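Novice: Listed in order, the protein sequences are those of chains H and D. Following the UniProt record's numbering, the numbering of the first sequence begins with 1 at its first residue and continues without gaps. Following the UniProt record's numbering, the numbering of the second sequence begins with 1 at its first residue and continues without gaps.
Derived by calculation from the structure, the hints in this document are not laboratory data. Since we're looking at a predicted model, the values are computed, not measured.
Covered stretches of chain H (in silico footprint by chain D; criterion: 3 or more residues with CB under 8 Å from a CB of chain D, positions within the stretch not fixed):
no., region
1, 21-29
2, 44-50
3, 79-87
4, 132-138
5, 156-165
Built from N, CA and C at the ideal position, the CB exists for glycine as well.
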Amino acid sequence: MAQVPQRRRAKAWSLWEGRRIPSEYEVISHKLHYHFRRDPAPFELDPNTPLNQWYKKYREGSPFQVDDWEQFRDPDSVTYRDYIQLQKEREVYLDNLIDEFERQDHYAKLSKPWVDLLEQLYIPSRFSGHILQMVALYMAQMAPASYITNAAYFQGSDEMRRVQRSAYLAKVLSLDHGEHLADSQRTRAIWEDDSHWQPLRELLEKLLIAYDWGESFAALNLVVKPVYDALFIRQIAELARSNGDTLLALMHDDFGLDSQRSQRWTTALVKYAVERQPEHRTLLKDWVEKWTPLAYRAVEGLAPLFAKAPQPMQSGKVVEAVCDTHKAFLVEVGLE
Amino acid sequence: MPKLDRSAYYDLTRDMNWKLRYVSEEEAFPEEQSKSYGVPAEAWWEWDEPYKVTYREYVYNQSDKDASTYSVKSAIARSKLFDQVDPGWKSAITAHYGAIAYGEYLASIAEARMARFGRAASWRNMATFGTLDETRHGQLQLYFPYGLLRKHPQFDWGHKAFHTNEWGAIAARSLFDDMFTANDAVGTAIQLTFTFETGFTNLQFLGMAADAMHVGDVEFGSLISSIQTDESRHAQQGEPTLRILLSQGKKEEAQRLIDVMFWRSWKLFALLTGFSMDYYTPLEHRSMSFKEFMEEWIIKQFIDQFRDFGLEKPWYWDIFLDELNWLHHADHLGVWFWRHTVWWNPDAGVSPEEREWLEAKYPGWNDNFGRYWDVITENIRQGRIEKTLPQTLPMVCNMCHIPVCTPSEPKQRHIAPYVSEYNGRRYQFCSEPCKWVFEINPERYAGHLNIVDRFLAGHIQPPTVEGAYAYMGLTPDVWGEDAENYAWAFKKAEGGKATAV
Chain H
1 MAQVPQRRRA KAWSLWEGRR IPSEYEVISH KLHYHFRRDP APFELDPNTP LNQWYKKYRE
61 GSPFQVDDWE QFRDPDSVTY RDYIQLQKER EVYLDNLIDE FERQDHYAKL SKPWVDLLEQ
121 LYIPSRFSGH ILQMVALYMA QMAPASYITN AAYFQGSDEM RRVQRSAYLA KVLSLDHGEH
181 LADSQRTRAI WEDDSHWQPL RELLEKLLIA YDWGESFAAL NLVVKPVYDA LFIRQIAELA
241 RSNGDTLLAL MHDDFGLDSQ RSQRWTTALV KYAVERQPEH RTLLKDWVEK WTPLAYRAVE
301 GLAPLFAKAP QPMQSGKVVE AVCDTHKAFL VEVGLE
Chain D
1 MPKLDRSAYY DLTRDMNWKL RYVSEEEAFP EEQSKSYGVP AEAWWEWDEP YKVTYREYVY
61 NQSDKDASTY SVKSAIARSK LFDQVDPGWK SAITAHYGAI AYGEYLASIA EARMARFGRA
121 ASWRNMATFG TLDETRHGQL QLYFPYGLLR KHPQFDWGHK AFHTNEWGAI AARSLFDDMF
181 TANDAVGTAI QLTFTFETGF TNLQFLGMAA DAMHVGDVEF GSLISSIQTD ESRHAQQGEP
241 TLRILLSQGK KEEAQRLIDV MFWRSWKLFA LLTGFSMDYY TPLEHRSMSF KEFMEEWIIK
301 QFIDQFRDFG LEKPWYWDIF LDELNWLHHA DHLGVWFWRH TVWWNPDAGV SPEEREWLEA
361 KYPGWNDNFG RYWDVITENI RQGRIEKTLP QTLPMVCNMC HIPVCTPSEP KQRHIAPYVS
421 EYNGRRYQFC SEPCKWVFEI NPERYAGHLN IVDRFLAGHI QPPTVEGAYA YMGLTPDVWG
481 EDAENYAWAF KKAEGGKATA V
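Bound conformation, chain H alone:
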């Protein structure tokens, strides 16, 4: 029997290359996508089976590549355990907030014109929010490293959080202001037929079929989500405040925390990739340029509704504010 050299008792996974001890986050997130760039195919089936081909084309075949994605870290280093703990605290906060406003009979005190506006501008957003959830989870399942996948899983979950709170509001408003607010058919009809929503709907439906992993990331996290959140979080919160709907404003301030978390890891990923492949600055900018016009058209579609509020916000100002917010983000990310 061959002599086996004495080894020090292992302190980290053998596949961990770092000299230091990995953090808990790294222990459970590191190198889990063994199937990325695997030969002859990602999955243990015929190499040409449809999903092997899909991944080879849209993930391994994406122009958005670096040699090693495994050194990327989510700056918030969120594990499942962390995510649940964090969001549980936020959900408790929202519950208490809602509870407090309900105790003061908040919904009944809202004006009819304001509630009518919510039906047009806010309540249908569970359709658009649901698509953001779907796309985040698509991007997640296509990402080349588990560090990226996990961050995107949590982003998709955040979208579901926001959608479900809006569903609650739709119902609870309907108790004081009319059943139509909780009528799925009516809400869906606005989403499908109202002209204000069509540019956004077009944007999101096209986003659904952006199957290249890099384009999916760039389109969603560099354009669509930041623009959408600027409109549906920041601008909505401001509009709500002006119109005395403090509950809606405060809820959206809270959703803003989720949005910022997404922007932090997005920024880190762009910096990571560009550091390793400077030409990715151009690649990402090209994708941003491709998707931005449709995204801004979506904002232009919905902005006129802001002017219909009892305390209106000028449509042009809303559009400008969203574009400014987006551009500021692109500067921060190094793509402007």
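Since the structure of chain H is provided, determine the placement of chain D on it from the hints.
Specialist: Frame of chain H; chain D shown alone:
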């Protein structure tokens, strides 16, 4: 607390189904990601989950669970409990972590696939929770073996196994990728959540949790129970999917999906759970035999489920019932013999007392398997360990990737291997159903090489058993040795009876 109960507004959390206008249905839900089976879009919108849950409930409930699971872990880490646990049990959990930790995390990709390509908003929501669940399960089952690295380097395989071409890892990947990682959303709902999760794993985990508590492995027991509480939530995606297919007259298609994956699941399950229950779990802690477990939980339960849906028992049911008597015994013998090809220490589980138990539970065991173990036992006693190790590779099935075993009872009608030819290449299978799975869908499997194919094609260098160990990523510090260092071979039967030789 907000004034509305979940039931008051739940419908509005799941009504986000709409007709696509700016892209086509086929573009947004391509068949390779989401087989429609010709069922129209609006029929899918009827998808209705039995267990309802909202995001806020999810984070509340899961937060409590994680708090208690991790605190058990910390408490155990400070104690010496693990050191006292039976070596066979240690082997069982080492095998478990290597095969399952990555399997769970891969399932998160499958859940994410359903969260994007599921054909109803309600389904997509449930799958989003499923994605989170499987992320949890993957992370937990990596964190726990990581904490045991100091005890044995084999726990490294909790992280490493799926990166290798160790044959068990190939078998696991072949099953999981077919079932979910490389499956469309509808297939995944039927094959992963319905067939595998409700059919097999639910019960295996329950069984393992109970055994762990008996054995004194409190940490593992509480980990597994906690994981199990998530399972029924995301496993429920199968039923509504099945209902829709059946209501649209797609019974044959549904039956086929289930039949394929029940068989494939059985093969891996027999291997891992078979040896765990009947050989590695200490004798005094075995509550039932593997066969009894299968009969009580899986067969009875599954037949009921089939009947409820108006489905039939799979065509190969008699073959399956027959394999219950011998397959896992043969698998176990093979795994022990080829122990250097696995990352855990197989526990022979054939001390005189254990052999009595095996004969009682499986009449004829001594004639069929005992006589092989007799030869092994004698070789060990004579110091001829090298004769208890292999010189070659076994024949391996091109479907399940598990070595081909034939019952040693010649009156059995099975012959091995079963052979199929496709596009000029020969494929070998362990059983009629494995061959059938291939033949009804050869393009899905045909271009894949099993480990023996690779050996014959020169991928394994040098082309020796040593070369095979290296190809599989196994080195002497981690490969399997007998769990008791052969002590069992020197035990005498009770009352000084000589053991059969």
